[in-house]
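S.K.: Read off the chains here:
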Amino acid sequence: MGVRQTGAEVQRGEDQALLTGRGQYVDDLKLLGMLHGAYLRSPHAHAVIKSIDTSAAESLPGVHAVFTYRDLEEPVNGRQVQPYPNPLIAQDITQYPLAKDEVCYVGEAVAFVVADTRHIAEDALPLIQVDYETLPPIVRLREAMDDDAPRAHKDSPDNLIAQLNITYGDVEPTFAKADHVFKAEFLQHRGGCHAMEGRGVVAQYDAFSDEFTIWSATQCPYLVRRCLATQFDLPESRIRVIAPDVGGGFGPKAGFYVEEIITPWAARKLGRPIKWIEDRKEHFTTTNTQRDTWWELEVAATSKGRIEAIRGRLVNDNGAYVPYGILLPFTMMASFPGPYKILALDLTQDVVFTNTVSNSPVRGAGRPNAAYAIERMIELVSRKLGIDTAEVRRRNFVEKTDFPYQTGLIHFNGRAMTYDSGDYHSLLEKALELADYDGFTARQEEARKDGRYLGIGVSSCVEDTGMGPYEGVTIRVDPKGKIYVSSGAASQGQGHKTVLRQIIADELGVGLDDIHVDIGDTGKFPQGVGTIGSRVGVNIGTAAFGAAAEIREKALALAAEILETDIGNLVFEDGLIRDKGRSNITISLGEIALKLAPMAGAVVPAGHTASLEATSFDASKGPPHASGTNVCELEVDIGTGEVKLLNYCVAHDCGKKINPLIVEGQIVGGVVHGIGNALFEEMIYDDSGQPQNVNYGEYLLPLATEMPPINIVHQETPSPLNPLGLKGAGEGGTIPAANAVIAAIENALRDFDVTIDRYPVTPEYLCNLIDANQT
Amino acid sequence: MADTREITLTVNGKSYTETVETRFNLADILREKLNLTGTHVGCEHGACGACTVLVDGEAVRSCLMLGVQANGKEITTIEGLADGDQLNPLQAAFRKHHGLQCGFCTPGFLTTLTAYLQDNPDPSEEEIREAVSGNICRCTGYQGIVAAALDAAAQMRAR
Amino acid sequence: MKPAPFKYHAPQSLTELVDLMAELEDAKILAGGQSLMPMMNMRFVAPDDVVDINGVSELSFIERANGSLRIGAMTRQKDLLASPEVKDAAPVMREALCHVGHLQTRNRGTIGGSLCHLDPSAELPAIASLYGATLTVAGREGQREVPMEEWVLAYMMPSIAPEEVLVSLSLPVWLAGHGYAYTEFARRHGDFAITGVGALVELSEGVITKAALTVAGADVKPTRLTDVEQSLAGQPANEETFKAAGAEARKIDAMSDTYVSAAYRQRLADTLVQRALATAADRAVGGE
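Chains as they are written, first to last, in my numbering: chain A, 609 to 1383; chain B, 5 to 163; chain C, 779 to 1066.
So here's chain A without its partners, still in its complex pose (with noise of 0.2 Å):
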């Protein structure tokens, strides 16, 4: 009998090439004739383009184009496709693929230049002379209503993209008759992606066959194919989209970008294949980011500290452009109340323009920006009447009865936001106990002794993950009983591969070496959707399962002919289907697939039909809503303001986990991302919107050295809206992860009345509320 593959802890097998510098990362691919691009963009944070001079850099030897707007034909030159059109947006603004007349942020894209080295194509960019004439920007985030303010895009009326708002319960009369009401207002600030591989594109047009390939480091194939088809004006069938190996996405890869437009036209009109690679500068001023939110709160609690209603307002920096549609945003406020039972709620949010590269999703899109604002709700509740944080938690929690629980908000998919399955009180329990909480207070007793300020922080938080529509998979088997797995997912270290063959080969009874699996290409796999939201592994898995079961079945059928017996008496096993009753009758998984794709002359048996394989589309009935209660203990030196992580615990439940390595890897992952943002991260501009630290040593990203020891335990309450009971992993460890350290750390400066009105925090904003404080 084979060893159980799903649930256990299986090493990967896309390790052995990415260990020995064998992975194939776009910067890796070499066509026969390629040339290397480089795109000039814009110095300033808003200018009109007057006049671009491109003959200088055009003659420089080595270049083979210089391409402007003005080259582009329709519909090419249209402003960038809408990937999640919304009728909520005012002003839907994208970008054009080259900047026809007005540029928004620094690093905006005005030229592209084509030569026989990316070396070349570098130095031919100062050469191109564009006339600029700059315009006032509008940089900060709390300055883009105001009626006097620049407008980010010089025609329009205001600096709105869209105003949202979601409302549900007796808000008003709540407040009205409340114990107690409290309030908070505070700036949370998230960060760039920072993947250690940039964005790229190879793009590849074979005027033979009429078709585009294009090699991006994307999470989403699908995505960029689809917008690609309309920019371009082409079927989807003409243009194929390949994620290779990518180094790395969080959330800023998935979007639709104008170098994945500008780099096939390119290859197309040159009928050269052209690499561009995004330098870590670029990275930084043109990747998406995700950066400044301001909040403005209300709470209304009894005096025991339960939260009857939360009212209030936000503010969200979108950036220059809507590449993203309101995606982030929305998904902000219908997270908001994360586990806790909120019977009212009020909540306006006001998504602007500002002259700075634009924002879309960053690990947890938003759901990391809703859990920091609601544990500031908690936390105020419990400062100010004197509860235990970990206690306001407990009565504020969903309880394990209420499942499923509809928290009175809609979720992006158009349906009622309802949290499937989960236990928040035994979470936080045990998370608690591993994090040794009740023995905390003897231990920041000691500390104080000895001149040193210990803290303690809790942070709860609910996921959904696991969005539809689908993700799927196709599995065949071949006559050798080999198996070939197909699915549209791309991985960017997640293990999709490892993941699939896992559940495939329990289900299918064959070795794990056994199974050939492909991803992330639309050429070999119909349809897809990305690699976003904690989405993937539930559904791939629920799709896995569905084909194999549908190949248990076309295989059971024949295989019971044949062998003359009962389906239920048959049994797979290592490549083999075996009669329980009889166990040296058997027949292979490959001569059944053989038998039902024979060569010319043959006959598929009659009642079968061709080919031992199946695509599944299956997905998650409803997004499965995993969970997690963070704790963690720090110390702050108050000679210096910096802060040190002690401690950090985790306890996480995201159902039936398929493999506990790669869950664990995406926890702490997680967790050090959050941590970057609360204490590390952030992109700074000047008044006339320069980024000013566009380089990881003025840009922080936490390092090996500063992260504490991560423990995590699981709780596994299962999903009921898929076979596997599967919940999503990806970025549960950064969704809570801000409030755990900022509460330690208002924890550890309690003597000095200190709360936190930001983050990041740096350490001498800490050495300022100190010493503003000190008696």
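The set of hints was computed from the structure by calculation and includes no laboratory data.
Note that the Cβ used here is the ideal one computed from N, Cα and C, for glycine as well.
One thing to keep in mind: the hints can contain errors.
With a straight-line cut-off of 30 Å between C-alpha atoms, the simulated DSSO-like cross-links for lysine-lysine are [what the hints assert, rightly or not]:
hint	chain 1	residue 1	chain 2	residue 2
1	A	912	A	785
2	B	37	C	785
3	C	785	A	1057
4	B	37	C	806
5	A	1252	C	1021
6	C	1029	A	1252
7	A	791	A	638
8	A	1252	C	856
9	C	785	A	638
The following residues of chain B were derived to be distant from chain C, with all beta-carbon distances above 10 Å [to be verified]:
hint	residue
10	19
11	38
12	62
13	78
14	90
15	119
16	151
We have chain A already, so just place chains B and C on it with the hints.
M.R.: Positioned in the frame of chain A, the structure of chains B and C alone reads:
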């Protein structure tokens, strides 16, 4: 006319003689001229460590070294670590402890740790974290990498 | 982020190097490359000529003689870190080097490069300042000596002509048993410090007989706290003394930038001076 030089360098035990443009850095040479694309370029300003290779046994950021400076040197890249298809103890430990996800930073971590563990066969966790503080990983949160390094060090000491 | 084209030179001797630098009009010296190469990759600098001095082996040495430690400009940071001479003669330098960059950068980075690049918070210039080191510079006309106090002309600008080359530095070795400390505050390990402090003390029966104190990162150049040093002489090595020294240190000139204010740098100087003195006193022979 581009400024070029002829250089001879040994990479993973094999000798190469190439004419290179002097402004190409060592990472460019390895990737473009020698088709050894296992070394990755992450930042081109000496911060992320993805481009780390061994030059005469020492961990060096190949994006900050000109290709011409590698003349006469022995370079080891990620492609030179395994014994054919057999992963070495460090590589095997990375796989076992899930010390890589997207794999992009991995070449730099492997070469850095290879050099470090050679000189420091019995490091503490803190020392390992310090040793890799010049390498950025955005996926793993470092925990799997540290576990892998400690495990590999133990394995190699046992030999 | 590819550099602009340049002409490459690789002199093999100091004489060849000096002659080359005298001829070339727009040349940059390439030593460890850890500072120059990023700037070239980002095209912040685009010299016509790059002069690679990694072949000038005579510039790489560590010598102890006549109460001084002499170090060649091309000596790599990793060699300084591993050197028994440095550990013995100038242990504070070794401690400072632990904060310098990372493994990979120290394998290539040189002391000369650091002294010529002159990042305000760089540890090696701070050490040179702490010791009142003497720098030797070579040009066509011969060699000249520059005391560290005169080395920093302006922000990231050493007092060296374009055709000159830094050859070595020399620092006076303190008595065996002296106390030392280098402590800095950086956001992450290996980052450029926001502020750093180097301290040297000699104690006799718990009293400070000699002290040297430098603050790095507060101003464009390392700031030797000569007044504080003088007031420390004769004081007991205790918390009260260190606090007073810190309070004085807080008054130094400091810069503000995008990330950090002058006031915060001054606050750090205060805290770090106290901590550095405490550690140095602890390590000194002759405490109570």
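S.K.: Hints first: check each against the structure and report whether it holds.
M.R.: These are the hints, each one checked on the structure:
no. : hint            : in the structure
1   : A:912 / A:785   : 15 Å, holds
2   : B:37 / C:785    : 20 Å, holds
3   : C:785 / A:1057  : 63 Å, violated
4   : B:37 / C:806    : 26 Å, holds
5   : A:1252 / C:1021 : 24 Å, holds
6   : C:1029 / A:1252 : 28 Å, holds
7   : A:791 / A:638   : 58 Å, violated
8   : A:1252 / C:856  : 28 Å, holds
9   : C:785 / A:638   : 29 Å, holds
10  : 19              : 21 Å, holds
11  : 38              : 18 Å, holds
12  : 62              : 4 Å, violated
13  : 78              : 14 Å, holds
14  : 90              : 27 Å, holds
15  : 119             : 8 Å, violated
16  : 151             : 19 Å, holds
In terms of the numbered hints stated before, the structure departs from hints 3, 7, 12 and 15, listed from lowest to highest.
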